[in-house]
Every structure is written in C-alpha cells, then in structure tokens.
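Enquirer: Could you put the whole structure together from the sequences, leaning on the hints where they help?
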Amino acid sequence: MKPDTESLMALRPLELAAYLRSRGWHEAERLGERASIWLARRGGEELELLLPLDPTPGDYMSRLAEVVSTLEAAEARPRSEILDDIAATTADTVRFRFLGPTFEQHSVNVEHGVHIYENVRELLLAAACAAVGPRPVFSTRKPTRALEYLTTVQLAPPARGSYVVTVRSPVPPTLAHQGAPLPEADEPFERRVISTLATSLAGAHRAAIRAASGATFQPFHDEVASGVSANLCEALAGLVARSGARTCEITVAEAPSRPGLEERHVSFSADVAPVLREAARVFRASALREDFELEGLVIRLERGEGATTGIVTVAGVVDSSLRKVRLELEANDYPTAIEAHLKARPVRCEGELVREGRAHVLRHPRRFVLKSEEREE
Amino acid sequence: MDINQRKEKFGEAYLRAVASVAGFTLYRPEVDDDSVDWGIAARGTEVLRRRPRVELQLKCTSADVLREDGLHFALGLRNYEQLRETNLLVPRILLVVRVPVEPGEWLSQSERELTLRHCAWWVSLRGLEPTPNTGTVTVVLPRLQVLSPGALHRMMERINRGEAP
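Residue numbers (numbering that gives the first Met the number 0), protein chains in the order written: chain A, 0 to 376; chain B, 0 to 164.
Quick caveat, the hints were computed from the structure, so don't treat them as lab data.
For every residue, glycine included, the Cβ atom is placed at its ideal position computed from N, Cα and C.
Worth double-checking, as some hints may not be accurate.
[Stated by the list, open to error] Facing chain B, a subset of chain A residues (Cβ under 7 Å, in silico):
(1) A34
(2) P51
(3) P56
(4) G57
(5) D58
(6) R62
(7) A64
[Said to hold, decoys possible] Beyond 10 Å from chain A on every Cβ pair, some chain B residues (computed):
(8) D1
(9) N3
(10) V35
(11) S61
(12) L88
(13) Q108
(14) E110
(15) S123
(16) T130
(17) G134
(18) G149
(19) E162
Expert: This is the structure:
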C-alpha cells in the first residue's frame, strides 16, 4: 500500500533515525548533510535504506515513502503500526487502558470521555508538579514549568481494540558521552515528569492497598516523597470512578531513543477510588496549602488595646464547605477588615492555609482587599 | 488497448529487456510523481534497493523525430521542470523509445532472434536552464546515448562514483 502524502509529511528524519537505531539498523554511510545509508540484517539478508535528512531535495517524499515501504516489508507489519511507533520513538509513552462493560463497544460516551481526558490531564499535571518538588497538595497556582510541560504532551490517535488513551511525552534522545550515566536529577525535565509519574502511580497503588487494609492514612503520607499528592489521588480516583471503567490499567514506557526508564504497569480498579478520594480529602484537610485564595465575609474582629496587629475571622469556602478561617492582620490591613465588616462586603486574601486542631488558619496573609463590587454581580 | 497505452507498454517491455540483460532491477516509484515512471537499481529486490540507482521518465514515440544529432523530443513543460531539478538524492533521466508507426512492425521474430524496433535513447536534463515556453520544450537525446545493456552499466558506474548519469 502506498503511504499517503500527509502521513509522510508528518515524519521527521531525526525521529526516523532514532527509530531505525532502536530496531537494529545502523548508519553505514553519510551522504553529506542530505541523506544517509542505513543497513540491517534480517535473517541472512542485508537490508539497505536511503534516509533523507534534509527536506529540500525534489525526491524527498519519494525517498521517505521508500523508507516506510522497506520497513513495512522488513518488519512484516502494517504501515499504520510502524508510523505510530516511529512517532513514539522520541517520546515516553503513558497508556491508559479502560476495561469494563461500558467499553466493550470500543467507544465511550461523551460524558465519560470528558472525565477521562480531564483526569489524564490532572494526573500529568500532578506528576509534573511533583517533579518540580513533591508536596502533599498542589494549590491552584501551579509551577510555570509544570504548566509549560503540559503543552508539550500529545495524545496519540486512538488505536483499535479496547478503549486506550495514549499520551506521548516527547523527550530529547540520549547522546552518547564519556563517563558514567547521568544521575536522575540531571535528566531532562520531561523525563523526570514521566519517571515521577511511574513511581507515584506505584506509590499510590501501594498506599491505597495498605491504607484500606489498615484503615489509616499514614501510607499515603509516607508516599509523598515518591510523588503522591491529593491531586494525583483525585485524578486517579476520577479515572477509575468517573470514566465508567471497572479497571484502568496504566503503562508507562520509555522512549526507545532515551533508555533508562523501567517500564511500569499499574492497574487501578474501581474499588480503590473511594480510598483515593478519601486520601485526597485528608491531604487537603491537613496539609499546609501555599497560595491559598480565601474569599468570604469578616465575621469577627479582635484587637487588643494598643496592639498593632489584629485577629480577623473570615467565613469562607474551603474544600467546598463554609469554614471559619482566622488570620492575623497588620495595622495597615486591619482597617480594611473593619470596613468590610461594617459594610458587610466580602474580602479576598492570599496566604498559606493550615489546619490547627479543628480550626483553619491563613498564615502570612497578603493582598487583603475588599472584593470588588463588579465581581459581586 | 488504445495506441498510446500500447506504446507505453512496449516502451516498458523494451526497458525491461535492456535492464534484465544488464542484470539490474526495475522498480516503480512509491509516490505518484509525474516525472518518474521507473527506477533502475543495481542489485536487489523490491525491498532491497541497492545503490547505485537511477530513476527515469519513459516516453515512446512513433513521430518522425530522428535527426542527424539525435532524437528531437517535445517534452511537456512540467516533466521538463522536474527533470532539470538539480537537488535530488537519486538522479533522473529521460528515456525515449522510438517505434514505427505501425504496431505490426514494432516486433519481428524468428527461431533465431527477436527484434524490437527501433531504439531507445536517454538524456539527463539535470541543471538545464528554465524555459520561457508554455506548452512543450524540445529536448535532444544525443544519437550516441543509446540505452544498451553496456551503456546502462557504464551509467550506473558513473552514478556510483557520484558523477552525473
């Protein structure tokens, strides 16, 4: 079958080179900057490929098409599979496979589909945040690096068979160099995200089993260093419970062009969802949350005579419930609280939310302001 | 089969005969390309296209176009443009097979021999100047450049050394 121009145009010579290398081909000769000759042995036969490296020659497309048809014959498998694998050569792969009665038709209803893609995003974001620095909870304000990483990740075209979502996370290829392999901390960020994802999935799975059997939260707390967070637990719970799946199998695999990541396979069944959700709730309830945005009404003002700072209590929403949050305001902010209280106007403030016993406290409050009128409408 | 198809098929048969005597393989291009009908590879199979290689545009004509210096062939502008391209990984040539007007005279055969009429010439248009023409460009295929098994061998050797066909 002749490859269509569109799928050929999508091929990138360097990706192809990485693919060829991962399949036992070697570059035998370089024809300047324009092309290279690759050889491989299959059985007793030596195969040859002319790989164009530069898209300017007039016969570039013909040469690419030849490469694909040679691979088709050499590997004796369909072109679509080969093209898929070429695209995956320079990217780590995370595969989500959903099993359950609702997926037997190999399709999924829109509602479940939306939850799947939303939670896949949240899961990757949680791993990216943990790669920047593990924490029990990632606030709404995520590290820029983690958000930028998300824009590089791609969804592969859906494959036939059971319902599978394949995520490709491009990663630079390994360049051979003298000396010992790089320590993990020196790996590119993209790779650290995926390896964090792999360890945190295993960690979350371990913690869920231990926590369920011991009826304690501690196992989750112990896995924070491996990347487990409230965000990760919520995303995982969402993937199994809100997708309509009985089981979600997640496989993390390295890019063939960058070895060093052990393939991981973790399977979450729908019955762990409540455990994960509860773990997320406890994480959120107990953890210090940086950059927490509090909005609410001032319901109590306390300032001792002659004191410069005052304690203000705001009734605001924390984790979807109305909570009383105490904060200590400096002399310049305290009058704002008084004004808000007199006019019954809501206030807005940022700080680190922490639980002290049964009460919530917003530490280091900043940007304490009256919520603007127009936002009230 | 209409006369043009018959000419095309006869041209192919001619090319196949010469290539097989020379011990080369023919292959069809992978993507539709107006200016490449066939490729000739030195060794190998469909999969295994060993260097050296040449790709060609094959034409067959019964017009009275043979002159003192060579075959004067009116080539379509688009083909001309694609054949004069210099930046190619596999070189291209134009091959024209000249046949008698009457198909009955294209071939004669006895117990001793099979004769194909008349002859095929080749030319490389690589690096020729652009043309102001809008329809066709008359190109000359030199009389000395007959496509024989020996000539094909020598051409492949030149290509193998990185020279022009």
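Enquirer: I'd like to know which numbered hints this structure contradicts. Please list them from smallest to largest.
Expert: Violated: hints 10, 12.
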